[in-house]
Amino acid sequence: MTLDRQPLHSSRRSFVLKLDRVEANEPGRIAGRLEHMSSGRTRQFRSGDELLACLLDESAGVEPGGVDVHPIRFP
Numbered sequence: 008m009t010l011d012r013q014p015l016h017s018s019r020r021s022f023v024l025k026l027d028r029v030e031a032n033e034p035g036r037i038a039g040r041l042e043h044m045s046s047g048r049t050r051q052f053r054s055g056d057e058l059l060a061c062l063l064d065e066s067a068g069v070e071p072g073g074v075d076v077h078p079i080r081f082p
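Counting along the sequence shown from 1, when you hit position 59 you're at 66 in the working numbering, and nothing is skipped either side.
What the hints contain is simulated information worked out from the structure, not anything from laboratory work.
The reader is advised that the hints may include incorrect statements.
[To be verified] Estimated spans, in silico, between C-beta atoms of each pair: (1) 13 <-> 35: 33 to 41 Å; (2) 60 <-> 28: 35 to 43 Å; (3) 12 <-> 39: 29 to 37 Å.
Bear in mind that the values here come from a model prediction, so they are computed numbers and not experimental data.
Don't be surprised by glycine CBs; every beta carbon is placed ideally from N, CA and C.
Using the sequences and the hints, build the whole thing.
Take a look at the structure:
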């Protein structure tokens, strides 16, 4: 057996998603933190829309606060 030297999933496109506990009286609400694995950048979100915005900003290479960085290329 040989190991593939090219990983199937690049760490440049890997994230850790931490979801916070949400109150039972707020069904459908989502909140937490998104961390980009290769850069270590983290972003807080308080809704599904904010989570999607975080992912889109990361894919476009925009840091929190609107600073442009090297974009992450998604296939």
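We went through each hint and held it up to the structure:
no. : hint                  : verdict
1   : 13 <-> 35: 33 to 41 Å : 40 Å, holds
2   : 60 <-> 28: 35 to 43 Å : 22 Å, violated
3   : 12 <-> 39: 29 to 37 Å : 34 Å, holds
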